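Novice: Protein chains in written order, with my numbering: chain B, 1 to 385; chain H, 386 to 659; chain C, 660 to 792.
Think of the hints as simulated: they come from the structure by calculation, not from any bench.
Note that the structure is predicted; figures quoted are calculated from it, not measured.
Note that beta-carbon positions come from the ideal geometry of N, C-alpha and C, so glycine has one too.
Treat the hints with caution; some may be incorrect.
As a list, the in silico EDC-like pairs of lysine to aspartate or glutamate whose alpha-carbon atoms are at most 20 angstroms apart [to be verified]: (1) C/Lys741 <-> H/Asp506; (2) H/Lys530 <-> C/Asp708; (3) B/Lys280 <-> H/Asp465; (4) C/Lys732 <-> H/Asp420; (5) C/Lys789 <-> H/Asp504; (6) H/Lys449 <-> H/Asp533; (7) H/Lys430 <-> C/Asp730; (8) B/Lys153 <-> B/Glu381; (9) H/Lys445 <-> H/Asp504; (10) C/Lys732 <-> H/Glu532; (11) C/Lys764 <-> H/Glu630; (12) H/Lys503 <-> B/Glu265; (13) H/Lys603 <-> H/Asp533; (14) H/Lys603 <-> C/Asp766.
Far from chain H by the CB rule (all over 12 angstroms, computed), these chain C residues [said to hold, decoys possible]: (15) Gly664; (16) Arg724; (17) Gly733; (18) Tyr735.
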Amino acid sequence: MIEKALSGSPKYWALIFFWLVFMGLGAFAFLGQYQDGLQVTGLSRDVPWGFYIAQLTFLVGIAASAVMVVLPYYLHDYKAFGKLAILGEFLAIPAVLMCMLFVLVDMGQTARIANMFIYITPNSVMFWDASVLMGYLGLNIVISQVTFGAERKGIAPPKWIRPIIILSIPWAVSIHTVTAFLYSGHAARPFWMSAILAPRFLASAFAAGPALLILLCLVVRKQTKYDPGMKALHKLSEIVAYAMAASVFFILLEIFTVFYSGIPEHIHHFQYMYMGIDGKAALAPWMWTSSVLAIVALVLLLVPRYRKSRMGLPIACVATIASLWIEKGMSLVVAGFVPNPLGQVIEYMPTGQELMISFGIYAFGGLVLTVLYKVAISVREGLQG
Amino acid sequence: MDESRRCFLKTAGASIVGMGVGASAVTALADALGDTPYLGAKTAKRWAMVIDTRSCAETKGCTKCMDACHRVHNVPTIEDPRHEVKWIWKEPFRHAFPSMFEGTHGYEDRVQPLDWLKDRDVMVLCNHCDNPPCVRVCPTQATWKREDGIVMMDMHRCIGCRFCVVGCPYGSRSFNWKDPFGKPGSEERKNAKLDPSFPTRTKGVVEKCNFCAERLAKGMMPACVETCAKEGPGSLTFGDLADSESEVAAILKQAYTIRRKAALGTSPHIFYVV
Amino acid sequence: MYNGGKIIAGIVIFIVLVTFPIWFSFSNESLGKKPEPKKPVGYEHCVEDTAYMKAFHMDLLNNWRDSVVRDGKGLYHSKAFKGETYPMSLSDTTVQSCMTCHSNKADFCDQCHNYVGVTPYCWDCHVEPKGNQ
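Can you make the complete structure from the sequences, with help from the hints?
Specialist: What follows is the structure in structure tokens.
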């Protein structure tokens, strides 16, 4: 099937070339980081995790969101998602691959990463995170290979794939829950140490992921002859609406708990994010933008007339993704470290090299996504006749 | 797939897994049997330290314990505070014990009567907790808790994920953001004054106070304790907390001591006499 | 041949890449220079006999590393020379470590390592003995 990706329009090749260029630049930047150490990033003794791990957090959510298509289609036989399922799975695969790459570039001793599997440590959440991510990648590859391969041959997929598909549903929930556990079990970091962190992660994932899928499908509809169907996209947008509402609600719950209880250790992190402390407020513009975008997104999503309109849906999706990317991919990780356990405020902003490496990884994901989508669309276009 | 091919693949797969497990078991048993500790090594059931912040603070500007520790462990001096590596250092009291000075509605202005305490410098280092969050999160057991209470670091195994740095509520751990003395084989490294009895670290691994485990193994006291006793006020007392006759137990019996962030349940074993 | 040009070009590139170790090492002047590790003066033997050390010094050091750092041990009991104990240390020249006797890394360790083209990462951290200068 992969041969479908080796032929395409000039636009297709231009896109592939674009990804390859940025992958090359990212690889070159990473080489510099590998030789000089992580000092080339904006990370510091007080902010040990930053942009890389934040991207991992955001992308795990995107990967998990495939379940929002798989669950209705395979478990509840919602036929309208028929044309969508493969695109959801083909979004999950590059998302998981990017997660793994972001972990790799963040390691101080990349070459020793196998130690995690040679010296298995069941009490470490990181071991479980790595394991479930690899399992999820395997599941998605097997499921998409088998179901799509069967579809291409014009036969029904084998019966044994169904329990594996059903398994991928709780597995998707688990990958993001385990990632939340990376944060929510730390007594040292009161900003994250909340039971609601995992539900927050899931809610924002199930909003941002399907929103991205909707946008991708709208692009596919425009650029190719393949149409996943507006009925499916509208149903998906309803899912985004509920998930976004839940996500915003959960943030408001956090704000209540923190400010009503008045515990300084908890308040300081929110204070830093929205107002800054002692004049240091690097995250504040981002946070307010994210909040405004969230409100815009919610209005557009919750009012059916706007959600179903031609311009309303894409704008709502972009606003959702942007708002949630800022929340998970810029602020959540960093704000957990500011102020530090000693009460000191040390800020963080990614450096240019860090961003170049990150964009290189995103370009790799874009390449995989483009190739997989090309395969799916070409095969389906061929079947349509 | 026909039965015989499937059967072959299953057997092959199981053999590979079996060989892998068997191989690691065999190498683990290798030459490690028969090694013994140094003669005269110091041992304890539970190492702990008591820091008398009163006598320590009286010596204004003293850095002898930090200098001794960083010298015998080849800890680099890095100017950029973002990339600092430190095993033991000074913090004002209000940073080491923030909850006493935190508050809203103007509390921080009203609490001036505590000024004598607020800015008193105290030594902070790894607390060698009973319930260390750093050990719990390390994915490779590069940091682990010894039977005698010391939370150790194996710099050979560390993958530099910094999960332990995230987990430590005291900020005791330092990551090597760069090669501490220049790239291996460089002029900078050749010219650096390094103590040959202890290695340096390389970029990409985490380090922290190890209660001078390598000195205890040779029968010596930790460098900071020894130096403060010989050249300073003797504010650092180190010993076996499980031994009711020890010096540390004696101090705890008659002075009011506090520990950092004790409510978190880490059970730190650095006690501060206030 | 269909696509003959592309195939031949591909084969040429493949041959160049796969023989890279051969033609690249001709640019390295130490190729072919037999290693001559200088034995330390004034010492009878190492912690084990020479044949064992040649074959297993890497294993030995790995085991010492885990034994000292992870198990808190300090003394190694020689198998070849019964009754003799040695501190398990690579570079601590205040005790009888490897580098105490083999004090010049360039004359000893590097001789074979350079010949076979390996760079063990011990020296990223462990302090090279002064005999090097």
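Novice: Given the hint that B/Lys280 pairs with H/Asp465, test it: the Cα-Cα distance must not exceed 20 angstroms.
Specialist: Distance ~19 angstroms between B/Lys280 and H/Asp465 Cα, so the pair holds.
Novice: Against chain H, does C/Gly664 keep a CB gap of more than 12 angstroms to every residue?
Specialist: 40 angstroms, holds
Novice: Is the straight-line distance between the alpha-carbon of H/Lys503 and that of B/Glu265 20 angstroms or less?
Specialist: 18 angstroms, holds
Novice: Between the alpha carbons of C/Lys732 and H/Asp420, is the straight-line distance 20 angstroms or under?
Specialist: The given pair, whose Cα atoms are some 6 angstroms apart, holds under the 20 angstroms limit.
Novice: Holds or violated: is the Cβ of C/Gly733 farther than 12 angstroms from all Cβ atoms of chain H?
Specialist: Non-interface label on C/Gly733 violated, nearest chain H Cβ at 4 angstroms vs cutoff 12 angstroms.
Novice: Measure nothing beyond the straight line between the CA atoms of C/Lys741 and H/Asp506; if it is 20 angstroms or shorter, mark the hint as holding.
Specialist: Distance ~54 angstroms between C/Lys741 and H/Asp506 Cα, so the pair is violated.
Novice: Given the proposed pairing of H/Lys603 with H/Asp533, does the C-alpha separation stay at or below 20 angstroms?
Specialist: 16 angstroms, holds
Novice: Examine each Cβ of chain H, and state whether all of them lie more than 12 angstroms from the Cβ of C/Arg724.
Specialist: 6 angstroms, violated
Novice: Hey, is C/Tyr735 genuinely clear of chain H, shortest beta carbon separation above 12 angstroms?
Specialist: 6 angstroms, violated
Novice: Quickly compare the C-alpha distance for H/Lys530 and C/Asp708 to 20 angstroms and report which way the hint goes.
Specialist: 36 angstroms, violated
Novice: Between H/Lys603 and C/Asp766, does the CA-CA distance stay at or below 20 angstroms?
Specialist: Measuring from Cα to Cα gives roughly 31 angstroms; hence the hint is violated.
Novice: Decide if the proposed pair is consistent with the structure: H/Lys449 and H/Asp533, CA atoms, cutoff 20 angstroms inclusive.
Specialist: The hint is violated at about 27 angstroms.
Hint check: violations occur at hints 1, 2, 5, 6, 11, 14, 16, 17, 18; the rest are consistent with the structure.
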